[in-house]
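From just these sequences and the hints, can you work out the full model?
Spelled out, the chains give:
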Amino acid sequence: MTGFQTLFYKEWLRFWKVSVQTVLAPVLTALLYLLVFGHALSGRVEVFPGVDYTSFLIPGLAMMSVLQNSFANGSSSLMQSKMTGNIVFVLLPPLSHREFFAAYLLAAVARGVVVGSGVLLATLWFVDLPVANPLWVLLFGIASSAVMGALGIVAGIQSDKIDQLAAFTNFIILPLTFLSGVFYSIRSLSPFWQAVSHFNPVFYMIDGFRYGFFGVADTSPWLSLTIVGGSFAALSWLNLTLLRSGYKLRT
Amino acid sequence: MTHAIEIIDVTKRYGDLQALAGVSLSVEPGEFFGLLGPNGAGKTTLISILAGLSRASSGIARIMGHDVTDGYRGARGALGVVPQELVFDPFFTVRETLTFQSGYFGLRDNDAWIDEVLENLDLTAKADTNMRALSGGMKRRVLVAQALVHKPPVIVLDEPTAGVDVELRQALWRFIRRLNRDGHTIVLTTHYLEEAEALCGRIAMLKQGRVVALDRTENLLRLHSGCQVVLRLDGVLPGVLEAKVAERREDGSFKLSLPDHASIEGVLAALRESRVAVLEMEILQPDLEEVFVQIMQRS
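The listed protein sequences derive, respectively, from chains Z and Y.
Here the first sequence stands for residues 1 to 251, where the numbers follow my numbering.
Here the second sequence stands for residues 1 to 299, where the numbers follow my numbering.
Quick caveat, the hints were computed from the structure, so don't treat them as lab data.
Ideal placement from N, C-alpha and C gives every residue a C-beta, glycine not left out.
Certain hints may be false.
[Said to hold, decoys possible] Only pairs whose alpha carbons sit at most 30 Å apart, straight line, appear in this in silico DSS-like list of lysine-lysine:
#, chain 1, residue 1, chain 2, residue 2
1, Z, 248, Y, 255
2, Z, 248, Z, 161
3, Y, 139, Y, 151
4, Y, 244, Z, 248
5, Z, 82, Y, 244
6, Z, 161, Y, 255
7, Z, 82, Z, 17
8, Z, 17, Y, 139
9, Y, 244, Y, 255
10, Y, 139, Z, 82
11, Y, 244, Z, 17
12, Y, 126, Y, 151
13, Y, 151, Z, 82
[To be verified] Chain Y stretches covered by chain Z per the calculated footprint, using a threshold of three residues with CB under 8 Å from any CB of chain Z:
#, region
14, 47-56
15, 85-96
16, 106-118
Pasting the structure below:
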């Protein structure tokens, strides 16, 4: 147990020591999105009945920050450790593949939750956001960051070079998050793009999270939770299989 | 008795490259053991297999009786490895680095031992310094400290003195010798053969993934090095001795290479027969470097 706790604490400190870059910067980015899109579209677009656009936007922005930072934490930590060679320090001790995965995952969730909370706290200055179902907010916040944290660990294991990880981020994570309904309700899309959106797991994360605030969503929160839970189970299985085999970590 | 390290017919293949081609050896508890060989001989691959960083293609490797795969927790807990590469985590201080390493091995409240290791490696003043701010030699000391935080019974040092100054080298060997006296098994790989000769009780030499020599250091020196004699003469070297000349020196002396000490009498007899007097004679003690070169050439 101590090995897991230590690795988690080390990973926590790793991002916390550079929190200006890992926490403050993404909060600021989310605020800039809010200012630009909120200013441009508030009062012109009503997405859910009785919910103004700025309020609608905030949970999406918070969740986008959670997802991107959870992904970045595990992926960048593993990638840097592999590149600098200091990954050896966690491969030499008697840590099991489960402890290894759990520690990196928990640290990724922690960073996602800290950044997401930061975004929500910062936006309290602008909008009085309702919270219809706080448990759903918490559940989707943690479960979704766990999915992206697990995906980040896979990307970190798989990538041998910075540009491989950048490609993962730019060509998979960014399109999935931007096209998931952060800035719009998928009801505003044509039937074809609505159908396409339902194949994007990030859509369910943001929709379920938003349900927690407004009590309304584009799809059933139970369906969203099932898909998020299924994604997490699949990615956890993939991670544990890769780590047990030593893929790209042990030759 | 349980071997500190037991390696039975271990092979390792990377694609077409046969890095290890059936290595078998054992190291006993309390030994100071040398693992020598030219670059690419398989030393680091063998260490990586023991440490669990690499998996053997076939064969068995055990640390203190624990299989490195099936019993990896016991094996890794019993092993401390100083890696060859100068690696560090730039986010943390020296003390944080060592505290984390202790925790990975399941140790809480390890500060007393960490302080002792820092003291012995002359790192106390740098305990709260970020790893990035340390010199190369200091980083090397931290690597040694990291390998020792969990007091492993078996310590493997892979080229620990590569690129470090004399002062650190001496301090490091004093500390490692003390650990060895305290019962720790030490396995050393180094290109500084004089270090291996001075420190190691037994030595294995690897070439192209095979053990080509394995014996006590004094036996290797005795059996493989032959004998070298430096002669300064008051005449011309007799023709019958020309084939034994290993070196002609600027001062007019010759270094002769002989198969053993008994051959010296034959050299002296040839000189007497040619009526050439010996002005100076020096019998050189064999060293491990010569032994190493001979064994590598023969294998």
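Now the hints, each set against the structure:
{"no.": "1", "hint": "Z/248 to Y/255", "result": "violated, 53 Å"}
{"no.": "2", "hint": "Z/248 to Z/161", "result": "holds, 12 Å"}
{"no.": "3", "hint": "Y/139 to Y/151", "result": "holds, 20 Å"}
{"no.": "4", "hint": "Y/244 to Z/248", "result": "violated, 54 Å"}
{"no.": "5", "hint": "Z/82 to Y/244", "result": "violated, 54 Å"}
{"no.": "6", "hint": "Z/161 to Y/255", "result": "violated, 55 Å"}
{"no.": "7", "hint": "Z/82 to Z/17", "result": "holds, 20 Å"}
{"no.": "8", "hint": "Z/17 to Y/139", "result": "holds, 21 Å"}
{"no.": "9", "hint": "Y/244 to Y/255", "result": "holds, 8 Å"}
{"no.": "10", "hint": "Y/139 to Z/82", "result": "holds, 18 Å"}
{"no.": "11", "hint": "Y/244 to Z/17", "result": "violated, 68 Å"}
{"no.": "12", "hint": "Y/126 to Y/151", "result": "holds, 21 Å"}
{"no.": "13", "hint": "Y/151 to Z/82", "result": "holds, 26 Å"}
{"no.": "14", "hint": "47-56", "result": "holds (count 6)"}
{"no.": "15", "hint": "85-96", "result": "holds (count 8)"}
{"no.": "16", "hint": "106-118", "result": "holds (count 3)"}
Going down the numbered hints, you'll see the structure goes against 1, 4, 5, 6, 11, while the others check out.
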